[in-house]
Amino acid sequence: MADSTPLLSVRDLTVTFPTQHGPVRAVDSLAFEVPRGRTLGIVGESGSGKSVTSLAVMGLHTGADVTGSVVLDGQELIGLSDRALNGLRGRKMAMIFQDPLSSLHPYHTVGEQVAEHHRVHFGSGRRAARARAVEALAEVGIPEPRRRAGEYPHQFSGGMRQRVMIAMALACEPDLLIADEPTTALDVTVQAQILELIARLQEERGLAVVMITHDLGVVARVAHDVLVMYGGRAAEQAAVDALFTSPAHPYTRGLLDSLPRLDDPDDAPLRAIPGSPPSLLDPAPGCAFAPRCARAARGSEEERARCAAERPVLGGPEGHPAACHFPAHEGVAP
Amino acid sequence: MTTTPPPLLRVRDLRTTFPGRRGRSAPIRAVDGVGFDLAAGETLGLVGESGCGKSTTGRTIVRLLEPTAGSVSYDGRDISHLSQRQLKPLRRDIQMVFQDPHSSLNPRQTVARIISDPLLVQGSSAAEARERAVGLMELVGLIPEHIDRYPHEFSGGQAQRIGIARALATSPRLVVADEPVSALDVSVQAQIVNLMERLQRELGLAYLFIAHDLSVVKRVCDRVAVMYLGRIVEIGDKERVYGAPEHPYTRALLSAVPLPDPAAERARERITLLGDPPSPAAPPPGCTFHPRCPKARAVCRTEAPVLRTTARGEARQVACHFPESA
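Sequences listed follow chains B and G, in order. Each residue of the first sequence is one higher than the one before, counting from 1 in my numbering. Each residue of the second sequence is one higher than the one before, counting from 1001 in my numbering.
These are calculated hints, taken from the structure and not from any lab test. Think of the CB as a built atom: it goes at the ideal place given N, C-alpha and C, for glycine as much as any other residue. Hints should not be assumed to be uniformly reliable.
What the hints assert, rightly or not - To spell it out: a stretch of chain B is covered by chain G in this simulated footprint if at least three of its residues, at any positions, have a beta carbon under 8 Å from a beta carbon of chain G; those stretches are:
id : segment
1  : 65 to 74
2  : 206 to 218
3  : 254 to 268
4  : 281 to 291
To be verified - Taking CB as the label site, the calculated pair distances span:
id : chain 1 : residue 1 : chain 2 : residue 2 : range
5  : G       : L1082     : B       : F17       : 52 to 60 Å
6  : B       : Y107      : G       : A1282     : 19 to 27 Å
7  : G       : A1282     : B       : D12       : 24 to 32 Å
8  : G       : P1294     : B       : G79       : 26 to 34 Å
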């Protein structure tokens, strides 16, 4: 690739939680890269491991066993002390969550909370930090930032709170922004505003963005590259256009086929995927998607046995790998 | 004019007002003059953003909430002022499906009990009710052998099937479904949408389908009503409202929905609204949408537009001083 090293490079990331039913592998052997100025969309349903992945990159898992490699701007994060990670969080990488209200302190004004970031990370004085906070609120599109800095989180709407979270996340000019379902709790008109804001800030600052979502529409709107996760593993990785025009994994195909769409006639029944996402407590020995898979179901007895018994590894063309024994890559018979 | 039979459900000028916190805030007019008809076997989609009053409308129609004013007629009979005792026979006919399947099912009751409860209330014997519950489980795609299990033993999609089976136990003609698929995983939503469509065909159900997801609503409904701050701003046949929206809010709402198609997303022109929906405790004067409306003029700030048929024709009404067709 022409671009030198990517800003974020994740290799063989595995996250295991001890539970009373034994260890649960929530993320298994995941690998991906995010260059500066680009957005990786991580798509998955409940239990897919998409949120666990983002917390692992941020080093926010306590009590979990995290192995593999997470390299941010040349520095390995796995194995770093909490102290060292604290120094990187905010300054190099930052995260925003689905529910901004639970991430903001109810007793402090919004201005104080944004200002605190500057004080902690840059050792700014009170007055300078306060001025920077007002600037930061203005930058994320909060009207009357000087007045609103003196208000409390409950006085803000959901969309305005998410703007505050973005202002806090970007206060120390990180290189990487991880956004975990940042618009899921918001109304669709407000979602559009927040997605536009993130895109503008990315363009202005060359941010690398990881956008975690269950919504394929959001992915289509904001992502350059996509990682589809299922049962804690990568199912498919591709550039956004390739993923939507020629999905290789039957799960991706199934998701796209099952969506009701604004731009489709509603004449035929939706092609639903049968069953439900798998439980991580009791992983199947073979492909996690096999029990629900249309490709496996129409395969020969031999093929079905292979899907049920043998776990597929990520493979296929460069730039568009899929973890499937019978992927539908372009030009390859499915 | 020949006399036509009354629609299955007729709602007129429905208002549901919640008292404000004592002395501190104004009353909240969550539903502020909503009216529509729903024919037997038809689906009306009720869409809008949080706080627009769509769920309150549904809950008022089934009388989980008391209306402040207006009327709700079922099969030609005004039921909005009946006592709960007088309503009991009508409960057979009008049922509800809720958003969160797990929290709307009693975790201490078996599926048999959950599904047969409405029948027991209506006077069936225990044996009859259980037999009917087995049949309903088959109807909604559950395994009848699981009848003595508890809700936590089912996935979200299966739990929603239980909720649907319970709603169908008394053979209703009208089902009010409040966000029935929005708590489910994407891959499971289509299963429930297909199930609801099949049940409608087989049983002749009418649905009032309340949801914030415009793609799902377009999929299931015949007609759609768009709500903003307690009122309907546009209502009509699905093809018209989705194909050629006339209210600026409907247009903005549709253009904000992300399409699962990167090329279409890049090519699209989006109307981005400024600001958030205002509070129903302090609605703006005039047209309540005017502070966010790209087309607002002086009259919009002072005069509330009424819902009326526009130049384009019969099957759609819009509450706007300057609809697209004008």
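Going down the list of hints, with the structure as the test:
| no. | hint | in the structure |
| --- | --- | --- |
| 1 | 65 to 74 | violated (count 0) |
| 2 | 206 to 218 | holds (count 5) |
| 3 | 254 to 268 | holds (count 10) |
| 4 | 281 to 291 | violated (count 0) |
| 5 | L1082(G) - F17(B): 52 to 60 Å | holds (53 Å) |
| 6 | Y107(B) - A1282(G): 19 to 27 Å | holds (26 Å) |
| 7 | A1282(G) - D12(B): 24 to 32 Å | violated (55 Å) |
| 8 | P1294(G) - G79(B): 26 to 34 Å | violated (53 Å) |
Hint violations for this structure: numbers 1, 4, 7, 8, all remaining hints satisfied.
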